[in-house]
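4 protein chains.
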Amino acid sequence: MSKIAIIAGAGPGTGAAIARRFAQVYPVILLSRSEHTLNPLVKDIKHNGGSAVGIPTDVASIPSMDSTLEQIKSNFGPDLTIAAAIFNVASKFSMKPFLEQSPEQFFGSIEPAVMGAFNFAQATLPFMLHGNKDRYSPTLIFTGATAALKGSSGLSAFAASKFGTRAMAQSLAREFGPKGVHVSHAIIDGIINTEMTKGFGQDIPDAKIEPQGIADTYWHLHTQPRSAFTHEIDIRPYSEKW
Amino acid sequence: MSKIAIIAGAGPGTGAAIARRFAQVYPVILLSRSEHTLNPLVKDIKHNGGSAVGIPTDVASIPSMDSTLEQIKSNFGPDLTIAAAIFNVASKFSMKPFLEQSPEQFFGSIEPAVMGAFNFAQATLPFMLHGNKDRYSPTLIFTGATAALKGSSGLSAFAASKFGTRAMAQSLAREFGPKGVHVSHAIIDGIINTEMTKGFGQDIPDAKIEPQGIADTYWHLHTQPRSAFTHEIDIRPYSEKW
Amino acid sequence: MSKIAIIAGAGPGTGAAIARRFAQVYPVILLSRSEHTLNPLVKDIKHNGGSAVGIPTDVASIPSMDSTLEQIKSNFGPDLTIAAAIFNVASKFSMKPFLEQSPEQFFGSIEPAVMGAFNFAQATLPFMLHGNKDRYSPTLIFTGATAALKGSSGLSAFAASKFGTRAMAQSLAREFGPKGVHVSHAIIDGIINTEMTKGFGQDIPDAKIEPQGIADTYWHLHTQPRSAFTHEIDIRPYSEKW
Amino acid sequence: MSKIAIIAGAGPGTGAAIARRFAQVYPVILLSRSEHTLNPLVKDIKHNGGSAVGIPTDVASIPSMDSTLEQIKSNFGPDLTIAAAIFNVASKFSMKPFLEQSPEQFFGSIEPAVMGAFNFAQATLPFMLHGNKDRYSPTLIFTGATAALKGSSGLSAFAASKFGTRAMAQSLAREFGPKGVHVSHAIIDGIINTEMTKGFGQDIPDAKIEPQGIADTYWHLHTQPRSAFTHEIDIRPYSEKW
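Protein chains in written order, with our numbering: chain A, 1 to 242; chain B, 1 to 242; chain C, 1 to 242; chain D, 1 to 242.
Worth flagging that the hints you see were computed from the coordinates, not collected in a lab. Careful, some of the hints might be misleading.
[To be verified] The following label-pair restraints were derived from C-beta to C-beta distances:
id: 1; chain 1: D; residue 1: W242; chain 2: B; residue 2: D206; range: 56 to 62 Å
id: 2; chain 1: C; residue 1: S2; chain 2: D; residue 2: D66; range: 52 to 58 Å
id: 3; chain 1: A; residue 1: E104; chain 2: B; residue 2: E70; range: 17 to 23 Å
id: 4; chain 1: A; residue 1: H130; chain 2: D; residue 2: N48; range: 34 to 40 Å
id: 5; chain 1: C; residue 1: S74; chain 2: B; residue 2: D206; range: 45 to 51 Å
id: 6; chain 1: C; residue 1: R135; chain 2: B; residue 2: K92; range: 37 to 43 Å
id: 7; chain 1: B; residue 1: T197; chain 2: A; residue 2: I62; range: 34 to 40 Å
Just so it is clear, the structure is predicted and the values come from calculations on it, not from any experiment. Note that CB positions come from ideal geometry on N, CA and C, so glycine has one too.
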């Protein structure tokens, strides 16, 4: 019976770091919209002795997610166990005066995040339930943000999607915890150190969150015994006053 | 220049009590999906010397909300001031195991609430901004619930919609507060005493929230001077342990 | 049977505004360390037709609080009802690097606040319980601050005292709510406009909280029916981004 | 230059598990009121190849804490580094109607907790600051409880002490984080599986928190790189609905 980890939002940066960390123990399935993103990561994990499959997927689309699941089942058998499922899909971040936002922009931010989280949880949880006797409890982690706790000016869409995902994480933890599934929500509070953020805040060393740090903490969450689950955790650089 | 109050979700119960309270001072516009709901309330307010117009509206629909606004402008003139806008639309509440929820059910709960709150705020705020020199600051209030703070088992859709509305209320408060608009979010924590809840919890007197109490507190929020705005408030019966 | 209101921390500013507001309905007992502070306020309230008694009291001292209660009972009879008790005593605010704080400074900040809140609640609650059939439920309000929610750098003593008072307010609400006593906690989030703060932030009009606004909201809390109590409320100027 | 870990509240149960975990890497100093508690733990750690010193200490007493520090300095040299300091001292838990609590009981609960946390932080932080270039950032962890977030009926003293400690943890994180010290607060939400709790809740397996789980998570916090510190974390059994 196969045990795998699945990472949605396996782009460069945090997603890639999480994928590499879990690939040290499990075959990993990597989801991202673009094959372009997935290929170098799959190659890199294989090069380091891991097992990885990239499947271009739009997690906010039910048909796309369904077809991805079919592919996973045909690869690993229908009785596979998902040991870890990480929802790391970014919400669209656009700061804009509220009255200048179009409904399309507003829902274009909320739908992928909340619809994506819903689809991902519905697709993966059925394969997590029977893993609850394993050494490490099956673990579903949602990557959140400061905006999951605080709605800032001009960020109503982003905040609504992050608040919404947090609500779902809480509901799932309370429903699936007693069934042995570990559901966590991580509040990433700071700029993550990636190619994209190269230009920001260079003055203070280590003031941007290293993706590796996030990945190691996600792994730790996965290893917690069921008598000592963490549901919510914040991660921020030492330099942050917050 | 006309000054009005507008209440979305002007059904029986809380919406009606709010409408009656604000009708003591302003002409009130009452929105609800069904004319059936609006008529007796409009009649009752007029009977008591107030001024009320009921406009059947689906606030989650942009065309419906647009047409409602056109009607308001033609009634009160295009330079009307909205002194108070109350978003009191109920989210669908259905407790159900997560894996038995269909995407339609899930989004059928989130869309009306979050889309409705978005449309309502976008439609009313432009008519609130120039009221910021009035005796009472223009006030936009969102009715929330316990589920805005806590995602319970089986309630992920309901909680996501309430968390999402709270996120929007916070963002709007931070953006429009400095422009003199008072944005508040009320956490109604308990069963409201209405026709629908007649059968529940009859043993302890006053253990259900009286709509009149909510209405009086909403009115108080409206009267707060801009140096002392309240953004978030909880309302619950004395008997609640919470 | 007499009904009175009692305000601890009846200094100039917020305490005085609260006293004047409640004196419109009840005889008020004003507590403050210095007679000097109390006299002009007592005079002013009487001048406006109210009834007021000032009793110099250190609420953090049990003997002082006991003697004050004896005086109140001899004035109003032993079966008096305390309709409203407001704990408005300031905590010492001193921002200082943690390693430079002496234990005396640290506890000199916590003790008056937390000990004072404890003494005040123990002294007043016994006279509130039998008032639970009155038109307005007996009400115990604690004035809190932003530091009740957030411990800032250099403010550990101030924050610990404000967090501690908030903890007590919650515990008392859960214990005495079901007995008909309304216990509230107000988070005052901003600079209050008093003699002392005259020099601060003069550029934006109304950017400092008017004591009158706080007083009116406290009065509103007192008038809430028991089916619709508010436990926690924030109060801040419109200009605050928070 | 010596590097050590110090654990206050090194009683059986959580304290002992933490001590054993950190003793795998550092010499550990164990503080507890009674030598009786310390001796078997010291012996056990040594037996497993670790290094441990037990020093009977009342952390709420400044002279006692001072004398303990002198002893540590004479053992490890005055330029020692405290790599990890864990404040795991229990607050007195007594559920009691508020009006039956004596001031002595109330402050007998708050003082040891808050005074103890203050003394411990003041004593250890000066030896943590120069460790900020080490592989693992110097780490100060406070063990909290559900009562740090919620004041329950009859538990005002316990809650005030836990809220107060949390306030201090936040203030210290904001002050010492930028100096490279990792300050964390753990919310232990459930019954811990110890000798004392043997009789409780036996029906559901693993429904009590294993001390080992707490210890492993504390160790993980210690290993987080400074770009990805966690300040607050909850730990609860999977079976908890919370």
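Evaluation of the provided hints:
1. Checked against the given bound of 56 to 62 Å, the beta carbons of W242 of chain D and D206 of chain B, roughly 29 Å apart, lie outside it.
2. A C-beta distance of roughly 53 Å is found between S2 of chain C and D66 of chain D, which places it inside the suggested range of 52 to 58 Å.
3. The hinted window of 17 to 23 Å between E104 of chain A and E70 of chain B holds, with their beta carbons roughly 22 Å apart.
4. Checked against the hint of 34 to 40 Å, the pair H130 of chain A and N48 of chain D passes, with Cβ atoms roughly 37 Å apart.
5. Look at S74 of chain C against D206 of chain B: about 35 Å separates their beta carbons, and that is not inside 45 to 51 Å.
6. The hint said 37 to 43 Å for the Cβ distance between R135 of chain C and K92 of chain B, and at roughly 38 Å that hint holds.
7. At roughly 36 Å, the beta-carbon separation of T197 of chain B and I62 of chain A lies within the given 34 to 40 Å, and the hint holds.
Consistency with the previously given hints fails for numbers 1 and 5, ordered from lowest to highest.
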